[in-house]
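Novice: Sequences are here, hints too, so could you generate the full structure?
So the protein sequences, as listed, match chains A and B.
Taking the numbering used here, the leading residue of the first sequence gets 1, the next gets one more, and so forth.
Taking the numbering used here, the leading residue of the second sequence gets 1, the next gets one more, and so forth.
Don't take each hint at face value.
[Stated by the list, open to error] Derived list of chain B stretches under chain A, where covered just means 3 residues or more per stretch with a C-beta under 8 Å from a C-beta of chain A:
| hint | stretch |
| --- | --- |
| 1 | 107-113 |
| 2 | 249-260 |
| 3 | 263-270 |
| 4 | 293-300 |
[Unchecked claim] With a cut-off of at most 20 Å between alpha-carbon atoms, the simulated PhoX-like pairs for lysine-lysine come out as follows:
| hint | chain 1 | residue 1 | chain 2 | residue 2 |
| --- | --- | --- | --- | --- |
| 5 | A | K61 | B | K349 |
| 6 | A | K233 | A | K196 |
| 7 | A | K155 | A | K175 |
| 8 | A | K61 | A | K219 |
| 9 | A | K108 | A | K78 |
| 10 | A | K230 | B | K349 |
| 11 | A | K196 | A | K155 |
| 12 | A | K233 | B | K349 |
| 13 | A | K175 | A | K61 |
[As the list claims (entries may be wrong)] Example chain B residues on the side facing chain A (calculated, C-beta under 7 Å, incomplete):
| hint | residue |
| --- | --- |
| 14 | E140 |
| 15 | G211 |
| 16 | G215 |
| 17 | W216 |
| 18 | A303 |
| 19 | D304 |
| 20 | Q351 |
| 21 | K354 |
| 22 | D380 |
| 23 | E416 |
| 24 | F417 |
Think of the hints as simulated: they come from the structure by calculation, not from any bench.
Owing to the predicted nature of the structure, the values given are computational and were not obtained by experimental measurement.
Note that CB positions come from ideal geometry on N, CA and C, so glycine has one too.
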Amino acid sequence: MRTIRFVAAALIAVSVVAGGEVRAQGTQSPPAEEIMRRVQQAFYYAGQDLTAKVGMRLVDKTGRERRRTLSMLRLNAKEGHNQKYYMYFHAPADVRGTAFLVWKYPDKDDDRWLFIPAIKLVTRIAARDNQSSFVGSDFTYEDVSGRDLGADAHKLLREEAMAGRDCYVVESNPKAAAAFSRKVSWIDKTSFLPVKEEYYDVQNDLSRVFTADEVNEIKGHPTAVRRTMKNLKSGHYTEVVFENVDYDAGLEEGLFSERSLQTPPARWIQ
Amino acid sequence: MRVRGWACALWLAILLCAPAEGEVVPHGFVQAGYAARITGAALPSGGGDFLVGEERLQLSLSGAIPAGAGGFSAKVDFFHDAVTGKTGLEIRETYLDLGGGKIGARVGRQIITWGTGDLLFINDVFPKDWTALFTGRPLEYLKIGSDALKVSAQVGAVGLEAIAVPFFEPDRLPSAERFFFFDPFPEVTHRTSEEPRSDLGNTELALKVSGLLSGWDLALYADRGYYRTPSMVPDSTAVPPSLSLRYPRRNVYGVSGRGAALGGVVSLEAGYYDSREDRSGTDPLLPNSQALFLAGYQRQLSADFTVGLQYYGERTLRYDRYLSSLPPGFPKQAKLRQLVTARLTRLLKYQTWKLSLFGYWSPTDEDFYLIPEVWHSLADGVWVSAGANVFGGRSETSFFGQLDKNDNVYLNLRYEF
Numbered sequence: 001m002r003t004i005r006f007v008a009a010a011l012i013a014v015s016v017v018a019g020g021e022v023r024a025q026g027t028q029s030p031p032a033e034e035i036m037r038r039v040q041q042a043f044y045y046a047g048q049d050l051t052a053k054v055g056m057r058l059v060d061k062t063g064r065e066r067r068r069t070l071s072m073l074r075l076n077a078k079e080g081h082n083q084k085y086y087m088y089f090h091a092p093a094d095v096r097g098t099a100f101l102v103w104k105y106p107d108k109d110d111d112r113w114l115f116i117p118a119i120k121l122v123t124r125i126a127a128r129d130n131q132s133s134f135v136g137s138d139f140t141y142e143d144v145s146g147r148d149l150g151a152d153a154h155k156l157l158r159e160e161a162m163a164g165r166d167c168y169v170v171e172s173n174p175k176a177a178a179a180f181s182r183k184v185s186w187i188d189k190t191s192f193l194p195v196k197e198e199y200y201d202v203q204n205d206l207s208r209v210f211t212a213d214e215v216n217e218i219k220g221h222p223t224a225v226r227r228t229m230k231n232l233k234s235g236h237y238t239e240v241v242f243e244n245v246d247y248d249a250g251l252e253e254g255l256f257s258e259r260s261l262q263t264p265p266a267r268w269i270q
Numbered sequence: 001m002r003v004r005g006w007a008c009a010l011w012l013a014i015l016l017c018a019p020a021e022g023e024v025v026p027h028g029f030v031q032a033g034y035a036a037r038i039t040g041a042a043l044p045s046g047g048g049d050f051l052v053g054e055e056r057l058q059l060s061l062s063g064a065i066p067a068g069a070g071g072f073s074a075k076v077d078f079f080h081d082a083v084t085g086k087t088g089l090e091i092r093e094t095y096l097d098l099g100g101g102k103i104g105a106r107v108g109r110q111i112i113t114w115g116t117g118d119l120l121f122i123n124d125v126f127p128k129d130w131t132a133l134f135t136g137r138p139l140e141y142l143k144i145g146s147d148a149l150k151v152s153a154q155v156g157a158v159g160l161e162a163i164a165v166p167f168f169e170p171d172r173l174p175s176a177e178r179f180f181f182f183d184p185f186p187e188v189t190h191r192t193s194e195e196p197r198s199d200l201g202n203t204e205l206a207l208k209v210s211g212l213l214s215g216w217d218l219a220l221y222a223d224r225g226y227y228r229t230p231s232m233v234p235d236s237t238a239v240p241p242s243l244s245l246r247y248p249r250r251n252v253y254g255v256s257g258r259g260a261a262l263g264g265v266v267s268l269e270a271g272y273y274d275s276r277e278d279r280s281g282t283d284p285l286l287p288n289s290q291a292l293f294l295a296g297y298q299r300q301l302s303a304d305f306t307v308g309l310q311y312y313g314e315r316t317l318r319y320d321r322y323l324s325s326l327p328p329g330f331p332k333q334a335k336l337r338q339l340v341t342a343r344l345t346r347l348l349k350y351q352t353w354k355l356s357l358f359g360y361w362s363p364t365d366e367d368f369y370l371i372p373e374v375w376h377s378l379a380d381g382v383w384v385s386a387g388a389n390v391f392g393g394r395s396e397t398s399f400f401g402q403l404d405k406n407d408n409v410y411l412n413l414r415y416e417f
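Specialist: Encoded structure:
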């Protein structure tokens, strides 16, 4: 399995390095599934672990603004695609100290725990629906931690430039009922990060648009440090800024436990 | 003089809050809360419709102790109760954390929450303010701090919590000044509360061992303490007749498990209440030992809409002796008292609105308690909640039935900073 993935990655690397010239001669682009696999790797799995301070700006159509600030820790399993997330909220005041733990499994429902500081309560929360809004923003849980690749059928539509980047344009169609009927993604051919994503609703109207507004390379990993999700129906949008991003800081498994919910790990949540 | 004392305390608190080191930043909130009975019934004690009318300022300080030794936290409420005209100060929490990592201690007044129930408590034996629940005060006020020493340790995958509480804290129950409720001895007005003395030998000890196995949170609990709801023990030989409110000794042993199953979250909990002063079950004034259990299921039905259901049972042991010693005219508890609860929660408008309904219904007591609520966030840190507490039942002596005349509506406003 690992060998196959390596070979596939190598092939893509070759095709990427070869660039447009090869394609100009009619050589095929990598299959859409492979592109999306690379996107998942670059966007949700970069590094062995990640630490960041995340600022969110939630703006409604009248310009009224709400803000969220949280520390985010992420650890990839050594094997497979399981991940663990820990989030600690600094602001706003009414959620300060709230902490959130997610053990994410690609093939079954996540385990999610929530800590409510005022009553020192650790509770489990049901996690069936990944389309729920993440802390009242335009991002869903799925947008934050990734959607199962196999949940959609992917099709390479074309290649074109978007926001000054050479991109693959991939359409993803959910195999089962979902909050969107199709998604069109512009994928940077070099970084494999989405430059833009368009989500269409069941009426096939454009409903949400994601843009990666600023990408920095951190420890060799291209990282979308500023990103926006806009809801075209409600006029509401959410801008997310990642600060103090670090990869491979050496997060330990034990951090992603009930203990960290009760007693936040001070070293990691500055 | 009294007011000046509070003013000094407040001033001191604010002074302490000044972030001189840049380390400790003051937080807290300003809150106004009101609850009024809507049944129109007049209390014999002369109290009016208002159950709550208060303004409250909470100042909260927390931070790290230098050199990584640990941390501290303090939450102090200053309040004015407009119903009684009293002004006061309440230490919600004040504790020091020492150590950390594999082993640590928390010393001082602290809120402790155990168990898996949603507004049902088996192994959460720590003090509660039931009046706060019945009057719609923000949920955190259901819990009262314990003046305790808690030692936590992590041994491999197993977590340990050992707690010593030398100072007894009873549950806060509805008082005759503000509530209608069933009183089996209405004619006895001379009453004394006999709380366990703060002796070393009376120290409450509690232990929790927990771990995670295949995605299930599992825990074992043990507690050597007291019932927090008093037993009424009349002394008919006294003149005038008097009544003492006693808190009998109790041991609690329990277990709980919670994990993802059936497309949601399933929780199971059980406990055994060993009524140490009435193990034979022959004293009608003290509680009999009981076996308690609950099963809960929570599921997200669609985006931002969650449903939770619980079944709870309370089996009185030595029930035949309970029946034979029960004085005539006293309400009889069922051998297996059962409760069903449901919670519906719907979030709207980017989670700035929350509509919720919580309901208890007991098929054995034939009574119920409903809490519909609307919560709205006006801006970051500013919210308002409005709701109702509706009680009812076939009998005026059952747990919720006795509160029938206390149906009330409430309003809370809070700004957190």
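Novice: Decide, hint by hint, whether the structure agrees.
Specialist: For each hint, the structure was consulted:
| no. | hint | result |
| --- | --- | --- |
| 1 | 107-113 | holds (count 4) |
| 2 | 249-260 | holds (count 3) |
| 3 | 263-270 | holds (count 4) |
| 4 | 293-300 | holds (count 3) |
| 5 | A:K61 <-> B:K349 | holds, 12 Å |
| 6 | A:K233 <-> A:K196 | holds, 18 Å |
| 7 | A:K155 <-> A:K175 | holds, 13 Å |
| 8 | A:K61 <-> A:K219 | violated, 37 Å |
| 9 | A:K108 <-> A:K78 | holds, 18 Å |
| 10 | A:K230 <-> B:K349 | holds, 15 Å |
| 11 | A:K196 <-> A:K155 | holds, 16 Å |
| 12 | A:K233 <-> B:K349 | holds, 13 Å |
| 13 | A:K175 <-> A:K61 | violated, 33 Å |
| 14 | E140 | holds, 4 Å |
| 15 | G211 | violated, 10 Å |
| 16 | G215 | holds, 5 Å |
| 17 | W216 | violated, 9 Å |
| 18 | A303 | holds, 5 Å |
| 19 | D304 | holds, 5 Å |
| 20 | Q351 | holds, 3 Å |
| 21 | K354 | violated, 10 Å |
| 22 | D380 | holds, 4 Å |
| 23 | E416 | holds, 4 Å |
| 24 | F417 | holds, 5 Å |
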